[in-house]
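Listed here are the chains, written in short residue letters.
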Amino acid sequence: MAASETRAPRIGRLERSALTGVLVREVVNYSSYWRSSTFSSTVEPTIYLLAFGFGFGSLVSTIGGLDYVDFVGTGTVATAVLFSSAFPAMFGTFVKYQFQRTYDAILAAPVDTEELVTAEALWIATRAGVYGCVPMLVAMVFGLDPSWGMLLVPFIAWLAGFGWACFGIMIAGFAKSIENFNYVVSAVITPLFLLAGSFFPLDEFPDWAFALAQINPLHHCVQLVRHAVFGLEGWTDLARVGALVAFGLGVWRVAIIAMTRKLVD
Amino acid sequence: MERELAIRLRGAVKRYGPITAVNGLDLDVPIGTCVGLLGPNGAGKSTTMRLLTAQSIADEGEIEVLGLRLPGESKMARAQCGVTPQLDNLDTTLTVQQNLLVFAHLYRISRGERRAAIERALEMAKLVDRRDSRVDKLSGGMRRRLLIARALVHRPRLVLLDEPTVGLDPQVRQELWALIDALRSEGTTILMSTHYIEEAQRLADTVMIMSHGKAVATGAPSELVREHAGRQVLEVYGPPARLAEVEAEAGSAGLRTRRTGTSISILGVDGENGYEIDGERRPANLEDVFVLLTGEEIA
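These protein sequences, in sequence, are chains A and B.
Going by the numbering used here, 246 is the number at position 246 of the first sequence; the sequence numbering is gapless.
So the mapping is simple: the numbering used here equals the position in the second sequence, first residue as 1, plus 1000.
Careful, some of the hints might be misleading.
As the list claims (entries may be wrong) - List time: in silico DSBU-like cross-link candidates among lysine-lysine, alpha-carbon distance up to 35 Å: (1) Lys262(A) / Lys176(A); (2) Lys1137(B) / Lys262(A); (3) Lys1137(B) / Lys176(A); (4) Lys1126(B) / Lys176(A); (5) Lys1126(B) / Lys1137(B); (6) Lys1214(B) / Lys176(A).
It should be emphasised that the hints constitute simulated quantities derived from the structure, not laboratory data.
This structure is a prediction, so every number in the text was calculated from the model and none was measured.
Isolated chain B (complex conformation):
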């Protein structure tokens, strides 16, 4: 029996003039899981997010959200979704509480439940003490917490987070991870786009790596690492000429490499294959997979 899906995309295509932002994408997000869309800038993550709220209309393919067909039934789907955009669009001259009040109305929370819903969102965002502060007086981290809490005010079944921690300090990112993790443990289905590898690795049950509008790999982070990068990586440092040499050598030995700027990483050196060269051994990680699959050059 197939698992129930919160999101189902089949062959979704979205073109903007000559650019194909999403190019035949299949995506399954089972209910109760957290799926991370990982990809470099321009991979089509944000366009995929916009397709799910029918703010972009696909040129081809099928899209279902919570069992509803898009774009025709999108409004019903949106009523049960919470969306955190990449760019902060809070009403900055309003207070924290007023922002939540507006969204309690936009998401049609009945009069009797509105106050409790706002209180719950304030607690989730840890902004109970700041409820009467104007948004333009909040720190960047508080604003982002409010942006997420605003999307949760109506207890959505599905939450779409577009780059939830982009441009924030490490400390603030960790705070937000705790918030997202709490949501996940409550059983809310989450689709999150990110280009931070650590974020995907920590929060996502399943990661889909995107490049040029397509999925290039899908699976649990640890499976992806094992499958594409092996267990061990040998990191060799040296001057550029030496690195080129090492790269050529490893290549002729049938091993895959990737450049990390200051070093060469030789992938899949898992013991018995007898490849010996001076370097530091480390466990393979998702970043290896990411760079391997999405290419080293930034387009």
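The shape of chain A in the complex, shown without the other chains:
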């Protein structure tokens, strides 16, 4: 007879205490590297904004009725979201799995892979929600007028950030080595980044490229942010939110499958 009298209470899936445990680890760790992380997440989109703003902005004054600075200032919100979610998720997950073996320690505690992946994605999404607003704030310094709709931007950035975080975790889950990321960055992230409409409108693109943009979550993020700032478009934008939700849920589940295969043998 085994020791069954003192059974612990039955515990289920996606428990709050498990998510909290993983989040606390991230928050405490963040306290040791927030400077570098905030620096890169702020400076990078600012450089894009300035380069395109001054470079392109001298050739083009307005796009689709918007000042170019306003156009690119809202567009680069999505860039900041991508850079502060997909990349940390890919590299962070791989490093924690392969080099620091952090996940071995976490999974020996009462935390399942599903909870681990979810908590990591929630944390990265929250950071992306904050860092995503930086280009918009910088653009305000250069003349972007404040509007109430801007208050929606952190939430849009959070939603898109969740999807890209799960995407990055998924890639790390499938990657055999950290060099594999090169393929993903070149073949997936860079095209999606350029085909998002952050720096130039996609209207002049050939039809196939325009169609491709419609399945690019980053494009929907760009459009939602612009519309939130300059005026929402009802059902179309609701459909874009739906697309981001579907993207997030889809890659979330696949990321869990990929990481389970990697972490539990």
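On the provided structure of chain A, position chain B as indicated by the hints.
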């Protein structure tokens, strides 16, 4: 009446492609005892440890931890276990105290008890003065003490130690033995894997010697020695040719031998059997049993 078991494995099998890491393992760890898994590298010790936290899922067999069936109820079992991995996976840019805080959360210690739990772990690891030091500033021994204390922060009923002193100085190993012994005397159940014979002999109530994913012998260290190696061993030194001769002679006299590199150990020369040859007599030890049962050649 059977004793209550903290760990019960029956016929556990774990394969990785063509390699069978654990091959039909039975293992009982009674509550309140310290069991040592002793075996050469590749014997399946670490895989056995991973099976117990459901980080590896067995292909066959039954596994129960604290009365809970794995892998289905593994999370409940893990909540009551503490695990020290073989490879250090502390958060190196955090302080000692921050590392413990993170695990106090991961092991769901309630807000009111968290501070006391961290203090207790700091004291156990003798790191009270170093609480604010970053982990990458600690010595190897301190890091390992912290790694163990981190697994104890929630007062687990069962502690799994995977090679707790591998790669450390003798002095540091002794420090850790004291820590593990203190835990044992508090009545915590311990399963420890090691390939250091002295460690198993000092700390374990029961030793299971593993080879190629199977248990080849189980018992108290002293019983294993008596049963498999007898009381006395005759150690004969000499040039290789002489050793081969001695080996053949002892073999034809029906005695078992093992090579120790520089000498031949003739086992079970317990007095009356009249085997006489020049050599040093010494008591048989667990190392004799270990080499005898797991083979002399390193695979």
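A quick look at each hint next to the structure:
In summary, the hint linking Lys262(A) to Lys176(A) is supported, as the alpha carbons are separated by about 10 Å, within the 35 Å threshold. For the hint linking Lys1137(B) to Lys262(A), the alpha-carbon distance of about 31 Å falls within 35 Å, and the restraint holds. At most 35 Å may separate the alpha-carbon atoms for a hinted pair to count; Lys1137(B) and Lys176(A) meet this at roughly 32 Å. Of the pairs offered as hints, the one joining Lys1126(B) and Lys176(A) is violated, with about 40 Å between alpha carbons and a cut-off of 35 Å exceeded.
Distance hint between Lys1126(B) and Lys1137(B) is fulfilled; the C-alpha atoms sit about 16 Å from each other, no more than 35 Å. Between the alpha carbons of Lys1214(B) and Lys176(A) the distance comes to roughly 31 Å, so the proposed pair stays at or under 35 Å and holds.
Of the numbered hints given earlier, the model fails hint 4 alone.
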